Structure formats: C-alpha cells, structure tokens
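Model the full assembly from the supplied sequences, consistent with the hints where possible.
Chains as they are written, first to last, in our numbering: chain V, 4 to 363; chain G, 58 to 463.
Some hints could be false.
Short, incomplete list of chain G residues facing chain V, as computed with Cβ under 10 angstroms [to be verified]: (1) Tyr250; (2) Asn251; (3) Ser254; (4) Tyr281; (5) Arg289; (6) Ser305; (7) Arg309; (8) Leu440.
With a straight-line cut-off of 30 angstroms between C-alpha atoms, the simulated DSBU-like cross-links for lysine-lysine are [what the hints assert, rightly or not]: (9) G:Lys320 x V:Lys56; (10) V:Lys167 x G:Lys320; (11) G:Lys320 x V:Lys266; (12) V:Lys266 x V:Lys194; (13) V:Lys56 x G:Lys297; (14) G:Lys460 x V:Lys54; (15) V:Lys306 x V:Lys195; (16) V:Lys270 x G:Lys286.
Simulated from the structure, these hints should not be mistaken for laboratory data.
Small disclaimer: the values here were computed from a predicted structure and weren't measured.
Beta carbons: idealized from backbone N, C-alpha and C, even for Gly.
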Amino acid sequence: MAQQHTQNGGVVPSAAVNFFDKYSAGMRVVVEGAQADTGRTPKEVVWTKNKAKLYRYQPSAEKKYPVPILMVYALINRPYVLDLLPGNSFIEYLTDQGFDVYLLDWGIPGDEDKDIDFEHLILDYLPRAVKKVLRTSGADELTLLGYCMGGTMSTMYASLFPEKLKNLVLLTTPVSFPKDQMGTYSLFTSKKNLDPDILADAFGNIPGELIDTGNRMLKPVTNYVGTYVNMWERIFEDKPMESWLAMNKWVNDGPPFPGAAFKTWIKEFYQQDKLVKGEIQLRGRRVDLSNIETPLLSIAGRKDHICLLPQAEATMDLVSSEDKEFFVLDAGHVGLMTGRGAKKGLWPKVVSWLEARSGA
Amino acid sequence: MIADGAGQVLREELLQVSEERRSRSTMDPTQLWRQWFETSTRMWSDVFGAGQENFLDPYGLYRQWFNGVEELQQQMLGAMGMAPALSNSSLPALGDSVPSNPASAENPAASANPAAAQNPVADAAAGQVAEARNLWKQWFEATQYSWQKAIGVGQEAVDLAPRWFTMLDQIRNNLLSAEGYPTDPLQFSTRWYNATSGPLSDFVSDLIEREEILDVSSQFMQNYASFYKVFRRNSEEYLKGVSLPVRSDIMRVAGLVVALEDKMDRLEEAFEDFEYGYASPATAESVQGVDERIGRLEDSLGRVEGGAGDAATADSVSGLEKRLDDVEGKLDQILTALQNAPRNGSSPAEASPQEEAAREDEAEEIAATAAARRKARELGVDLAEVEGTGQDGQITIDDVRRKGAS
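Structural data, given as structure tokens:
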C-alpha cells in the first residue's frame, strides 16, 4: 500500500492523503468561491459610456459575413457566460465562423447609477452602440442578438429604431408575463409579495445577491445543494473542473441592478404585463412590437424556469415579421448557452439561420 | 492525572478550533444538506409523537457513512503511530431520540489520547466533528424556530403532513431501489442526494409557494430593507458631523462625472457626424471659437485634477462638485455650438428621426442647457423665470445659479 512519511516518523496511507487533498480543494471553493479565467477570446473596446463597454471580438480575424452581430446582455449576471472558456464560448464559435461580433456589456453600476432606467438604456446607450458598430465594421445594417432581459431590451429597441436592423435574434427572451403561466416566479414578483419601491428606496441599486437568491429559490435544492454535490463528485472522481469552476464563478458574480430599472422591470413588466399590451412608454414614445418587420429568430428552452416557453413564444404573435421562427431546445436557461448541449443545439442553429441572412 | 490534564487541553483546543471555524460563514454544503433533512425529519416526528419516528430511519445510512469516515480516520491515525483520538462520543450526536452509534460498543479504547493533543491533524479532524455538532444544534434551533414561526406547529403542520409523508415514502423507495450499500462517503452523499433531492425539491417548492411562507419572507425582506435604510442614514449623519465625506457625497460627485462623460460622448458623436456625415465646412471663426472653449475646458479639468489630489474632506468634495459643475457648463456651451453648426448646413431630410423628435421636444420647452436644467432642479429654480444669456437666449448654468442666489 502506498504511504507517505510524516514529520514525526509516522506513516499516512496515500489514500488518506489523497482524500484530504481533495477535501481541502473542495472546501477552498466552498469558502473562497470559484476562480476561473473566463472571457478569453481576444477583444478590443470600441466605445464606452458610463460603466457600459462595447467590445469587438477577434477584430483581426477574417470576416466572411458583412452584417455584424451586436449582442445585448441582461442587467442580471455578467455577459462572460457568452465567452466562458476557450472551446466553450458562443462568441469564439461565431467569430471562428467568420462573423463580426460585438457585445454591449452594461458593466457594474455604481451608487450614482441608481436612476438609470430602460429609457436611458434603450434611447441613449443602444442607439449609440449601434452607430458605433456600424461605423467600426463599415456596414449599413446589423443583427441584434439579445439574451434574456437583453432580448427584451433588443425587442423594444427594434420596435423604435427598425431602420438599421437586418435581423433580430432573441435567446430565452421574456416578452409576455402572464401570471397564470409563470409558476413560482409570478408569486415571488406579485404585488403582494414584492414591493420594488421599498427595496430601491433602501438600497439604491438592488444588490446582486438579492436578485440571485430570488432566482435560486425557484429551485432551491438543486441550486444550493445539487451544485455542490456535483462539485464533490467531480473532485473525487478526478473529472475536469474548469467548466464547473467557470460556471460557479459566473453564477455567484451578479452585479447590482439599477434601482429605477428594477422598479420598472418588476412593476411594468412582471406585475402589469405592459409590453404585450403596447403600454410601455419610453420618454413618451410608445413601444409597439408590431413595428418589427425584420427577420426574427427566437430560441427558448423547454426546461427554462426563468423565462418560460409561453413568455418567449408570445413575441411571435406580436411582431409583423414575415420571416420568423420560434425554435425550442430541450435545455434550461443557461444550459442552452454553454456546454456540450449548446455546441450541438443553440450555436449551430444560430449560425445556420444567420448564414443566409448576413449578406455573404 | 496526566492523561486528564492532556484531555482538558484537548477539549480546550477543540473548543478553540470550533469557535474559530464557526466564525466562517459557510461549511460543507452536503453536510448542511444532511442536517437539514434530519432536522426536518425530526421536527415532523416530534409533531406527530415519537411513534412516527420509525416511519423512516434516515439515520441508518448516516451511521454507515460516519463509520466509513471513522475507519478512515482510525486507519490514518493508526498509521501515524497513535491510538485513535476520536472517541465516538465526539461524533455528532444525532439527538436524544436517535440510537447511539453502534460502533462505540466495539471501540471502548477510543478515548482522548494525550498524543493527540499535540497533533494538528487530529485536532482539526476532531474540531470539525465538534463544529459539526455545534452547527447542527444551531441549525436545528434556527430551523425549528423559523419553521414554527412560518407555519405554526398546529393546524398548518397537520395540513402539510400527508405531503411530507408522501415525500418520505418516495425517498425510501429511491434509497431502497439502489443496489447494495454505498462503500465510500462520496458515493453515499451522491446517492443520498439523488434519492432525496427530487422529492424534497417538490416538497420545498410546494412549501415556498404557500402564503404563510411568502408572507413571512416578504415581511422579512421589507424589514431588512427598512433597517438598512435607517442604518445608512444614521451612519451618514454621524460621519457628516465629523466632516468626513460620505457615500452620498461621493455619489453626487460620481454622478457629475458620469454626466460629464455623457457630454464628452455626445461631443464625440457630434464630431463623428461632422466627419462622416453632412458637415458644412467649418469657418475659421468657428474653429477658433471651439479652440478657445476647449482651452478653457482643459484649464477647468486641470483644476479639477488638482482638487482631487487633496485629501478628501467634506469641503474638498463640495469644491470638486463646484468645479465639475463649471466644466459641465462649458462642455454644454461647446455642445450647443457643435450641434447648431451641422444643423445649419444640413437639410431636414438628413436628420435622423431620433434627432427630429429631440428637436420637437426642445421647441416646446424653454431653451436651456442640460446642465442648467439639472441645476434648476437642484436649486428649485423655475426655468420660466430665468433670463437666458447664452446663444439665442439659451439659459446657461450660470444664469440658473444667479437666479438661485438672488
């Protein structure tokens, strides 16, 4: 039996040493949080505004398609899930296929940003970012690709500024918020149980942990325990840890949500379901989704408990696009974007749909 | 006697390790998981009297797991040339209603060993065990309290009982459907999780959707938010009393920097439009005008930079705020000049719908720079009463300040 000598002359079986090494490795993750080198695809910053940054990925790579893609991320969680690790990165996949990819990262809001609302993001930030993308790439039109709430924002933008839009791609994007079809989420966000005014008034920006807790409580056992059971299993069975660490880092890295936008998001979207009714107003301009005529691809996950299928599917009936497709994958909210399933499901689907519509 | 003394040292050290570890906010979640499960099981058993305890014996596998760990520890400690330091009594007691670990009968020699007191590995391992017991107790108390609070042991618990027993039934079936017993702790944990997570998940989902739970959580969140607000306000007032800049001061200045940056961005945009678009040729005067303004802006920025170098006091923050205000005012002037320039040279057809909308908005309102509007809001000045001295009678930040001071 393999053994290891100790300082005082005793001998410890190597199996035990191995066990404690692995145990301490796991405990380090539990106590200190997961560390991983995420977002490694080469990129340059094209434009910044306040905390927001516009990135262009692999700028020197050959561009096969003239129509650039602008990705718009949500205000919840950080966008590096789109570029998690080499070989497990949607952005890397797209740039390798010859697409000119840009990402609008909203950044981490400071206390001074508590009054930022959707009108700022959609009327001030997004049009500037679009202009920058078009100028940097020398294109006349672009594809707007929104993920989750970023998709909801992209949809609103598309209805107000359809001019330069070639395609609209929405991933797990809630547009409708029907109380009877949203399960636990509708209870969590109901008027009775959640008063966003009190929270925004107290915190300014809503802490990321608070938002995260709400999302995790939708599946408390899986999120709080299952994740770590999975970790111990990986550690003790010597399975690769890099993806687990990267995902765990991402899950625990939620930025604060600007207070004003949080109030609007909960009240006007979740509680009053105004977007489908055409009642959302941004600085007096009505958001009417029937203005959208661009080709549309909307992808949703059957196991998604954050954006449920009917929430995403509602878009299809509201837009005027003739070229539109609703595509459902057998995946959850995040599993849809990363990992083995994504490489065979979402990524090739987006590419095959865009190939024919990106001017090559 | 010597052994007793050493035993005392060991106990004290255990206590220290335990205290030290408890201060951390987290622990092995799989352990928490088991504790949660057991605590809940026990609470429900209590509700229905001791007779229900035998409904499911979740401790069987638990004991087996501890035996596995104990064997490993003993193997290790034995190999290091000492008797096992971990007595069975130091393993977590599973509560009075639970039979003690059967291994204890077979292992009477397992008492505190003097050698172990000097051994950090044994200390740490024993510390963990002691810590687990402490945490388990705390967890039990906290969980029981919150559950009682949330649903009230009584009618509500009875309502939930059939649901709870269905869950236990599912768990038992899941556990029994596995072939053979797990042989190592990891396998045990994984199997335990796989058997319990599904049914418990469903049960927890049902539970958190109940009015009683949602009410309590929502109330808790609101109380916490109110407490946070009061605490923040009090600290700010206290710190202001000793002339220290507080979060809201920094926030105000940061807000100004953001507004400034926004202006720079719009300037950049205006220049870009100039460069790429429909620019009318710049005249020597207009270039010189812009040049002078940028010169003044640079001076102001220099002063702002100088101000920021000093140690931050409440006064210096206010000074910085004033300077940023000035810079913003100047930027405003440049922006207005630039926006007016290309507009004169372009036909309306070339303007974007966004710009048109913005212009329509402006036409209906009083002509004032953005900085002037913000200042007016801050000082409570009605713009209709201010006389504009800027271009085409536009109200500037200085006009608002004068009005505010009068």
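Structure-based check of all given hints:
1. Contact between Tyr250 (chain G) and chain V, as hinted, is supported at the beta carbon level, the nearest pair being about 4 angstroms apart and thus within 10 angstroms.
2. For Asn251 (chain G), the interface hint holds, since its Cβ comes within 10 angstroms of a Cβ in chain V; the closest pair sits about 8 angstroms apart.
3. Below 10 angstroms, beta-carbon pairs count as interface contacts, and Ser254 (chain G) has one with chain V at about 5 angstroms; its hint therefore holds.
4. Here the hint on Tyr281 (chain G) is kept, as its CB sits about 8 angstroms from the closest CB of chain V, short of 10 angstroms.
5. Taken as an interface hint, Arg289 (chain G) checks out: its beta carbon lies about 8 angstroms from the nearest beta carbon of chain V, inside 10 angstroms.
6. A hinted interface residue such as Ser305 (chain G) counts as satisfied when its beta carbon comes closer than 10 angstroms to some beta carbon of chain V; here the least separation is about 8 angstroms, so the hint holds.
7. For Arg309 (chain G), the interface hint holds, since its Cβ comes within 10 angstroms of a Cβ in chain V; the closest pair sits about 8 angstroms apart.
8. Taking 10 angstroms as the C-beta contact cut-off toward chain V, the hint placing Leu440 (chain G) at the interface is violated, the least distance being around 19 angstroms.
9. Taken as a hint, the Lys320 (chain G) and Lys56 (chain V) pair is honoured in the structure, with Cα atoms around 17 angstroms apart against an allowance of 30 angstroms.
10. Simply put, Lys167 (chain V) and Lys320 (chain G) have alpha-carbon atoms about 25 angstroms apart, close enough for the 30 angstroms limit, and the pair holds.
11. Pair hint Lys320 (chain G) plus Lys266 (chain V) holds up; C-alpha atoms about 27 angstroms apart against a cutoff of 30 angstroms.
12. Taking the CA atoms of Lys266 (chain V) and Lys194 (chain V), the gap is about 12 angstroms. The hint holds against a cut of 30 angstroms.
13. Distance restraint check for Lys56 (chain V) and Lys297 (chain G): the Cα-Cα separation of roughly 35 angstroms exceeds the 30 angstroms cut-off, and the hinted pair is therefore not satisfied.
14. Distance hint between Lys460 (chain G) and Lys54 (chain V) is unfulfilled; the C-alpha atoms sit about 34 angstroms from each other, more than 30 angstroms.
15. The straight-line distance between the Cα atoms of Lys306 (chain V) and Lys195 (chain V) is roughly 27 angstroms, inside the 30 angstroms bound, and the hint therefore holds.
16. The hinted pair formed by Lys270 (chain V) and Lys286 (chain G) meets the criterion: a straight-line CA distance of about 22 angstroms does not exceed 30 angstroms.
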